[in-house]
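K.L.:
Residues per chain are reported as follows:
There are 2 protein chains.
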Amino acid sequence: MCLCHDDDPYKHYQNELVAARLLIPSGVRGVFARSGTFENVIVQFENLVGRETRAMNAEVLRFPPVFNRAHYTRLDHLYNFPDLMGSVHSFMGKDAEHLELIRKFEAGEKWTDDLQPTEVMLAPAACYPLYPTASGSTLPDTGRLIDLQSYVFRHEPSDDPARMQTFRMREFVRLGTPEQALAHRDGWIDRASGILRSLGLDVVPVVANDPFFGRGGRVMKATQREQNLKYELVVPIVSEEKPTAITSCNCHLDHFGSVFDIKTANGEVAHSACMGFGLERIALALFKHHGLDVAKWPASVRQQLQLDAA
Amino acid sequence: MCLCHDDDPYKHYQNELVAARLLIPSGVRGVFARSGTFENVIVQFENLVGRETRAMNAEVLRFPPVFNRAHYTRLDHLYNFPDLMGSVHSFMGKDAEHLELIRKFEAGEKWTDDLQPTEVMLAPAACYPLYPTASGSTLPDTGRLIDLQSYVFRHEPSDDPARMQTFRMREFVRLGTPEQALAHRDGWIDRASGILRSLGLDVVPVVANDPFFGRGGRVMKATQREQNLKYELVVPIVSEEKPTAITSCNCHLDHFGSVFDIKTANGEVAHSACMGFGLERIALALFKHHGLDVAKWPASVRQQLQLDAA
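Protein sequences appear in the order of chains A and B.
Mapping to my numbering: the first sequence position 302 is 302, numbers consecutive.
Adding 310 to a residue's 1-based position in the second sequence gives its number in my numbering.
To be clear, the hints were calculated from the coordinates, so they are not data collected in a lab.
Be aware that a few hints might be false.
[Unchecked claim] With a straight-line cut-off of 20 Å between C-alpha atoms, the simulated SDA-like cross-links for lysine to any residue are:
1. B:K414 x A:Q116
2. A:K110 x B:G403
3. B:K404 x A:M220
With the hints as extra help, turn the sequences into a complete structure.
P.N.:
Listed below in structure tokens is the structure:
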């Protein structure tokens, strides 16, 4: 029985999550705090993935939510997803300019015009900040495998709890030869499907359909689909007809290797591929499929996530 | 023996951390990725604090790095620390405006002026986003104890590795009566000292000296010192003469209760106090005191942090 009287199924699920105190609203669409219970599902999912991947000897790197603006502008995000960007601005004046800022603020004028762009943007993807750190390097024969987790930001206010403006991605990135990159992507489509199915999420791989911006974006969308480079594992969360991508497996060819001058052992431009788990979306899928009370989740799922151990 | 030839002791320590691959530079001062080893020290420190506090039955809440702009403007950060703020801006135009944005970008003009402020700011403190979620509420007799951890942003580019622009705070916040808030702060000064001393960090409590902005800020600084509301636990990291605050214990009186209308059980305006652990700074203090090779840390410290268990 639902008391929220909301016809929109996305808002309806959001209301349920808020009523169960799993998500705590911030007053901004798509920005929430999470409860300890919600967070523990993510921690245990990450531990599960970590146990599966420990044998792969990935290098662990953790990037903060902000990202060098100079590196951002070397990518094509400004062309393809300008509407999703997060540019960080601050006040850089002295006392006199501060008085003027306060005056504008108190008069209800637009005080933010007085701010200046800082050296950073919010990271739009967990792996973007990685490639510049490998700039000018030559990879070992085996390539590199990097384990990342960070917050990403996408400015797309929405009532769909699975479309947050700020969320975390756990990513495994392969830098290496074209064969190594492709094998990484394809191997992970299977491996990630297995992990998610073991949690009762019957994911299906589909070719990705990214929200490229504007008129030019329609060409990009068609190209992306033709190239079959990026797959997503989707599962229904709120809607059976429009299942939600909870992971993405993307081969970038030599895009990042070329922009940031990363070479393979034999001197070719490095290729890259990434496998990204959308952590909040995975938790939201689990709560939708197994119910809002973690104690009542199927024993097999509780065991896989070691929810009884803590 | 040091090969970095850097006279600045802050840069020198930074160079050592980078050479040891504990921190990975981003090209922006004060923005780093952390290695798995660095991160594990933080994870285990958080586990240690968590074991100490489990009996207190704190509510766990985890906020993202961004914060409702409307709530931000109800605080006095804009007055006191405008130079540290992070205001998140994005592109909100259509195709025509996008073409102009790209033209400016490609011509080397200031494309960021075409962006608009979003609904969010970067959070300047881990506990700021908490108070609005309690707005309009009446606390139970015992008050509330909340366990927070989040990224905060402060725009203060620096070569001191302990002055990052983006870092994580683990905070314990008490909402309650004046007595409950003060007891929280005072109890935590002792408790946090004990935890940090058990790790070989001989911290000392000092009255805080926050970097209030500009001419008006000098008055605020004097007031802060007179009121004795905020203490920091300091320990030398790079400099013996200028030890670094690695935790802060702050009583806010009824400031947040008043701004966000939070009441105690008997109808008074709630008081609040917070205890914040600067997680990156604590790791940096441990690496400075015990060396860059975690395997060689004193057995007692390794045992306290359960570094052998993993």
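K.L.:
Are K414 (chain B) and Q116 (chain A) close enough, with their CA atoms no more than 20 Å apart?
P.N.:
holds, 16 Å
K.L.:
Check whether the Cα positions of K404 (chain B) and M220 (chain A) lie no farther apart than 20 Å.
P.N.:
Within the cut-off at roughly 17 Å; holds.
K.L.:
Can the restraint linking K110 (chain A) and G403 (chain B) be considered satisfied, given a maximum Cα separation of 20 Å?
P.N.:
Judged against 20 Å, a Cα distance of about 18 Å means the pair holds.
Comparing the model with each earlier hint shows no violations; every hint is respected.
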